[in-house]
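*Asks:* Here are the chains, one letter per residue:
There are 4 protein chains.
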Amino acid sequence: MAKQRVGFIGLGLMGAPMAANVARAGYPLLVYNRSGDKAAPLRELGAAVVETPKEVAAGSDVVITMLSDASAVEQVLRGEDGLLAGGRPGMLLIDMSTVAPEQSRSIAIEIGARGWQMLDAPVFGSTGPAKDGKLGIMVGGDAALFEAQRELLGVLGKFLTHLGPQGAGAVAKLAFNLMVAAQLTSLAEAMTLAARGGVEAQKMAEVILASNVSSELIQRKVGSIVSGNFAPAFPLRHMHKDLGLMIDTGHAMMVPLPATAAIHELFTTAMARGRGDQDSMAIYGLLAELAGLR
Amino acid sequence: MAKQRVGFIGLGLMGAPMAANVARAGYPLLVYNRSGDKAAPLRELGAAVVETPKEVAAGSDVVITMLSDASAVEQVLRGEDGLLAGGRPGMLLIDMSTVAPEQSRSIAIEIGARGWQMLDAPVFGSTGPAKDGKLGIMVGGDAALFEAQRELLGVLGKFLTHLGPQGAGAVAKLAFNLMVAAQLTSLAEAMTLAARGGVEAQKMAEVILASNVSSELIQRKVGSIVSGNFAPAFPLRHMHKDLGLMIDTGHAMMVPLPATAAIHELFTTAMARGRGDQDSMAIYGLLAELAGLR
Amino acid sequence: MAKQRVGFIGLGLMGAPMAANVARAGYPLLVYNRSGDKAAPLRELGAAVVETPKEVAAGSDVVITMLSDASAVEQVLRGEDGLLAGGRPGMLLIDMSTVAPEQSRSIAIEIGARGWQMLDAPVFGSTGPAKDGKLGIMVGGDAALFEAQRELLGVLGKFLTHLGPQGAGAVAKLAFNLMVAAQLTSLAEAMTLAARGGVEAQKMAEVILASNVSSELIQRKVGSIVSGNFAPAFPLRHMHKDLGLMIDTGHAMMVPLPATAAIHELFTTAMARGRGDQDSMAIYGLLAELAGLR
Amino acid sequence: MAKQRVGFIGLGLMGAPMAANVARAGYPLLVYNRSGDKAAPLRELGAAVVETPKEVAAGSDVVITMLSDASAVEQVLRGEDGLLAGGRPGMLLIDMSTVAPEQSRSIAIEIGARGWQMLDAPVFGSTGPAKDGKLGIMVGGDAALFEAQRELLGVLGKFLTHLGPQGAGAVAKLAFNLMVAAQLTSLAEAMTLAARGGVEAQKMAEVILASNVSSELIQRKVGSIVSGNFAPAFPLRHMHKDLGLMIDTGHAMMVPLPATAAIHELFTTAMARGRGDQDSMAIYGLLAELAGLR
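Protein chains in written order, with our numbering: chain S, 717 to 1010; chain U, 717 to 1010; chain C, 717 to 1010; chain W, 717 to 1010.
No wet-lab data here; the hints were simulated from the structure. Hints may be right or wrong, so weigh each one.
For identical chains, the list gives no copy identity; a pair is met inside one copy or between any two copies.
[As the list claims (entries may be wrong)] The calculated lysine-lysine pairs, modelled on BS3-like cross-linking and capped at a C-alpha distance of 30 Å, are:
1) K847 to K754
2) K847 to K919
3) K957 to K919
4) K919 to K850
5) K919 to K754
6) K770 to K754
7) K874 to K919
Based on the provided sequences and hints, a complete structural model is requested.
*Replies:* Printed below as a string of structure tokens:
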């Protein structure tokens, strides 16, 4: 059976290697990106590069979006060059961006009115797993639709799970990121408390890594506290955005999130003090500053 | 060389197996516990059981305390039957209880005035590692003193580390427990958000366990959310006590701990609503209740 | 000079008496409300009642909106029966609803593109001052435009102030409501602490009313704590909505609001536990419940 | 009937004018202060100045303490020159310091064992009311004892109230101060939000003062935000201490205080960043800094 034609929109740090995996797996691939130069490596892999989202829709059976936020997704959808202008009933949109479940559902309703189908399918894992096709993919939407796309999704991730109706993937992604933010912030609070109490960062890091709170995330991040190097893997401004979505979602669904709310305000402080382009772990740098350590 | 005589006070869930390990390692052992019946198994291992802390001090070179809080330590020290009444200059107290660094230093000053020495040496790891002699031990106090006690401490734990002067062990323990509380609470917030968003607990648990936020602690606890069984491994009231010590220590050392403060208030709510004797993971039960899920 | 023709949309608890004041002051008045029966008393005062926002626009020089939130404002603006469909360049919209400054500016941009002008002019004061024409009115937008509308606004409020460009009124309203929420919540925390400490509510109320923290707001609300009567003056769900706008605005403008964030989560808890239709002061009822007092 | 002999300990900013009022009212007065020079003005009013708390006790029927915290009270009580060494059964201690109810009760138990009686009687109002004898006095302890001391207390305050058993005054003081801290912090958050939103401080202040949230406290403090002058009326470090007592008391009595906890951490940040000797209103200066406004 011929493989379905795939469109891919959003060739950022995550999207570019993901699209490359789709091309390598032999899917006919159409790509669009606001800044054209990012598409060059994909052309080498056989992808066609087009000028508008509309053209992506016109030439694809499935369109994957991997964008920075819901307003970027809507911008791609709308307008005379937008996805909606080029698509037709029966098409499928797989949105892998991190958005609020409400935003995801609202997009699904809008495109559903045109006869499109949709899966929300945000991911966990950073650029390494994106390159290796080993992301985790959390899917919301029709279960049969998910099953039908297992092969394509399996090119992008090794952990695929269908979590429930439209928006279930989005909410699971926020829940997951909530835990990421909490681990980074509690690591920052713990290290600041220890530092003020006269314990060297390296020593405290050894304790944490030897204990049962150690996670892969903590293993990867604790070194940046010891070294003070906050080069961005996951920029703080993205986590700030996601924390805002968590709080908004908690507000809308009436779920109190008191610890997350405190963390959100800490990240807002970090943004206001110019740390948005540093790594999320720079929340330690902020806290050390607030504690008068630097 | 003859082994030093060890006294052990505090035969609770952690202390009893720790004292047993000391006995099995061949140290002459004197034990005291408020409730005598807990000492019986130690007698079978060759330990002598005495009636007062004073007698423990009189017959030991090193006294280990593993008690519920600083006021329990002080109660054991003072009075006419207290440790101080039976000790002599040159003795060593190894306090393995979880107390605030300020409390630890204040005890050190008090006993130092009588010519005793002290190490603060709280642990991480629960009853399993306590039985297996595989605790983590975080030590504050004189470095040479720590080296001299490596053999004895090695009977209790496999990860031994000297972290700095008196109180450094205590502050590291609080920093570590801060991360425990944050992982439990963020797991609770994440699972509540997911539940409200229509994601089954079992499904969300699989996502978390497959991701980079998964730690041994989370692996052990997530099942109790799925099952709703909060039988106490580490009772919530102990974590509440420790959270209070973190906040007090942050207050005294001027370290802002905004996320921990929010978590502290959540645990206070859990205490007020009768969950003190459940496991710390029952913070999920509370949050689900606050979110109107039950 | 003939008075300008005024349209009024939103005849709720606040809007109805405000529109009545406009009619009594002699302005030709057109009103529209989703549920027609609320317009009857205004008809008696000489107002014309129409079926659509479009007709309001067609027959007015200035349109005042007093609606529950930004999406209600947008709903009134859009569609084939919407305000925009009936208006013409040079018209003025005075939006007195409580919305986020970003929402207000986005509406201003949208209607500005059609040649309309806009003032954001939210109010403080409840139904009493609304009836007496003694509201406070906080205005953002063009200063000359504000001056030109002083007479009309003076019919609704006694304290009129121009605070800055478009959105300045909206942000001031949120800042003001932030203080309202904080006074209610701190009153609740204080009364709960006192109650647990054995001080009768009536006695603690007397202390507060005799002290320098007493405000008109506190004077009006403290009685409901003593009596336990939380009949809605300002329903808790409205304050919850406004708290969400504060947090979103703090997020967007990078202003950390840690106390407000904690209060927001408390109101979310109150919503989840079914208190949305009680008065905002029912936050005391929630807190007493959380503290195990009831 | 001869007036009872009064001892007064603690001649700080509040204590000095209070003691002076006692002297002016004709009570035989004995004073002690750690730094002797503060006692000079009282000598001119006829007070006798002694060298130790013990001498105060020996020459007084009632001893009033107005000290910075519980440890200062205990220091005055204990030792060979302490109050307890000079007193006798039947004496009365009126402690007007701000302490936790637990601390107050613990002092009461200690002195009760020697046959002394005690009232906890903290105050509200600052140096102005202290000079004018117009403080509020919140009393805990035996009701008959309170009645017997109405005349003396009436020299110090115009609002006297008996709130319940030992510790009731202390808890009411904390509850009151909780509201003070919340009004200052919410004023700071509101003014920062407004400033970021383009509203001038002076304009926002006018809105607040015209509204129903305005209290005497806010009227007095808002000017310092507009002017940026944070000369200490009530130093921030005192409020920080009191916030710690509130949180500890909430912990001990199981009263969740989530808003106060967030405020406490903000004050801890202000302490760490060197604002302890500024006025409590300098919490605005901190927040403006956190928001990147300065």
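*Asks:* Could you run down the list of hints and mark each one as holding or not?
*Replies:* The hints, checked one at a time:
1. K847 to K754: within (15 Å within a copy, 57 Å between copies)
2. K847 to K919: between (34 Å within a copy, 26 Å between copies)
3. K957 to K919: Classified as between; 25 Å across copies, 33 Å inside a copy.
4. K919 to K850: Cα proximity of K919 and K850: across copies only (19 Å, versus 33 Å in one copy).
5. K919 to K754: This pair counts as neither: shortest intra-copy Cα distance 43 Å, inter-copy 36 Å.
6. K770 to K754: within (19 Å within a copy, 47 Å between copies)
7. K874 to K919: between (35 Å within a copy, 16 Å between copies)
In terms of the numbered hints stated before, the structure departs from hint 5 and from no other.
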